[in-house]
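Peer 1: Numbering (the numbering used here), first residue to last: 1 to 319.
Some hints could be false.
In silico SDA-like cross-links for lysine to any residue, where the CA-CA straight-line distance does not exceed 25 Å [stated by the list, open to error]:
1. Lys-219 to Val-295
2. Lys-213 to Lys-170
3. Lys-167 to His-221
4. Lys-213 to Asp-284
5. Lys-252 to Ser-273
6. Lys-241 to Lys-192
7. Lys-192 to Tyr-208
8. Lys-46 to Gly-67
9. Lys-170 to Glu-160
10. Lys-46 to Lys-192
11. Lys-252 to Glu-289
12. Lys-192 to Ile-154
13. Lys-213 to Tyr-136
14. Lys-303 to Asn-287
15. Lys-293 to Gln-211
16. Lys-241 to Phe-280
Everything labelled a hint here was simulated from the structure, so no lab data went into it.
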Amino acid sequence: MSENVLFNQGQIISSKYDFSKAYLSAELFKKKDSNGPEPSANQPEKITLNDGNEIPLIGFGTYTLTGGAGVNTMMQALSTGYRALDSAVNYENEGAVGEVIRRTSLSRENLFITSKLPGRHQRFDEAIATIQESLYRMHLDYFDLYLIHWPNPIEDHYVEAWQALIKAQKMGLIRSIGVSNFLPEHLERLEKETGVLPVVNQVELHPYWSQAKQRQFDKDHGIFTQAWSPLGRANTVLQDKTIQKIAEAHNKSIAQIILRWELQLGVGVIPKSSSSKRQFENLDLFNFELSEKEVSSILALDKSDGRTNNQDPATYQEF
1 MSENVLFNQG
11 QIISSKYDFS
21 KAYLSAELFK
31 KKDSNGPEPS
41 ANQPEKITLN
51 DGNEIPLIGF
61 GTYTLTGGAG
71 VNTMMQALST
81 GYRALDSAVN
91 YENEGAVGEV
101 IRRTSLSREN
111 LFITSKLPGR
121 HQRFDEAIAT
131 IQESLYRMHL
141 DYFDLYLIHW
151 PNPIEDHYVE
161 AWQALIKAQK
171 MGLIRSIGVS
181 NFLPEHLERL
191 EKETGVLPVV
201 NQVELHPYWS
211 QAKQRQFDKD
221 HGIFTQAWSP
231 LGRANTVLQD
241 KTIQKIAEAH
251 NKSIAQIILR
261 WELQLGVGVI
271 PKSSSSKRQF
281 ENLDLFNFEL
291 SEKEVSSILA
301 LDKSDGRTNN
311 QDPATYQEF
């Protein structure tokens with residue numbers, strides 16, 4: 001039985017574990033099998049969001065996974081032990097995710113499905129219809145989590161889009177509502193104009209872009225931070241000598257060290273891989289713990305220009 005941790009108003013609370021440190025204790029991540037996760041058996045650990053709903057700490061990214069090949073890769077991920085699939089309208093693979101849901105023997109209650117609203121449909125009525133269309137494509141009655149993909153501040157419809165997500169949640173179309181790539185200024189405006197804060201903020205986060213200010217803001221406001229591109233989209237971070245040295249000390253891969261580091265920062269991760277071996281490795285994060293010094297040494301790799309594609313949410317627009 002997994003230990004669930006309550007994430008509430010910026011604090012990680014548990015009657016059993018002390019999370020007063022800057023990172024999460026390895027006790028949270030221990031599995032019955034100390035050699036790693038059991039395929040088709042153990043789900044990644046979960047936390048409880050500020051709305052009372054649970055979310056796996058590790059999800060599976062589906063960007064670029066389309067058609068039959070994409071379905072096969074996602075089916076393999078479920079077999080390996082993943083239970084959360086992260087999609088988006090702009091990934092153009094909601095149909096493939098729906099086919100995976102249809103084929104799997106896992107019950108709907110054991111899956112956590114996320115999708116995202118594109119910038120071109122942020123007006124209220126369009127947003128509601130887009131959410132419904134996404135559900136139709138996936139043959140689902142509800143999403144576990146639905147996000148505004150980007151704030152698109154130049155167009156400035158993200159508050160209207162957020163009002164649509166609040167409405168869709170009341171309609172029973174979405175269980176948890178959140179955002180992606182939102183800066184503190186965007187989140188403050190949502191709260192000021194609607195009185196409702198997201199429970200999740202999914203942002204680019206990896207050792208070269210560790211998002212300290214954003215993570216702290218989210219934590220202070222009871223928002224769970226998820227990392228997209230948690231491995232830097234396989235950029236030079238995977239050859240970083242500092243991380244390589246830590247990986248050798250733990251007899252783990254560089255990717256495993258990075259993902260474990262993010263978990264210890266209190267961040268959820270959604271890695272993607274088509275390799276069954278790497279899928280398994282990306283779940284095998286529960287039988288070791290990084291020291292405070294190791295966590296700090298990776299944090300020190302942060303760069304002022306660390307974004308992978310220079311997508312600054314203050315100006316970037318995606319439709």
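Peer 1: Look at each hint and say if it fits the structure.
Peer 2: Evaluated hints:
Taking the CA atoms of Lys-219 and Val-295, the gap is near 18 Å; set against the 25 Å cutoff, the hint holds. At roughly 32 Å between alpha-carbon atoms, Lys-213 and Lys-170 are farther apart than 25 Å, so this suggested pair is violated. Under the criterion of a C-alpha separation no larger than 25 Å, the hint pairing Lys-167 with His-221 is consistent with the structure, at around 22 Å. Annotation: proposed proximity of Lys-213 to Asp-284 is violated, straight-line Cα distance about 29 Å (limit 25 Å).
As the CA atoms of Lys-252 and Ser-273 are separated by approximately 17 Å, the hinted pair is consistent with the 25 Å bound. Distance hint between Lys-241 and Lys-192 is unfulfilled; the C-alpha atoms sit about 44 Å from each other, more than 25 Å. The hinted pair formed by Lys-192 and Tyr-208 fails the criterion: a straight-line CA distance of about 32 Å is larger than 25 Å. Restraint check for Lys-46 and Gly-67: not satisfied, since their Cα atoms lie roughly 29 Å apart, outside the 25 Å limit.
Using a Cα cut-off of 25 Å, the hinted pair Lys-170 and Glu-160 holds, with the two alpha carbons roughly 16 Å apart. Taking the CA atoms of Lys-46 and Lys-192, the gap is about 30 Å. The hint is violated against a cut of 25 Å. Under the criterion of a C-alpha separation no larger than 25 Å, the hint pairing Lys-252 with Glu-289 is consistent with the structure, at around 11 Å. Between the alpha carbons of Lys-192 and Ile-154 the distance comes to roughly 19 Å, so the proposed pair stays at or under 25 Å and holds.
Of the supplied pair hints, the one linking Lys-213 and Tyr-136 is violated, its CA atoms being roughly 38 Å apart against a limit of 25 Å. About 30 Å separates the Cα atoms of Lys-303 and Asn-287, which puts this hinted pair outside 25 Å; it is violated. Annotation: proposed proximity of Lys-293 to Gln-211 holds, straight-line Cα distance about 19 Å (limit 25 Å). At roughly 24 Å between alpha-carbon atoms, Lys-241 and Phe-280 fall within 25 Å of each other, so this suggested pair holds.
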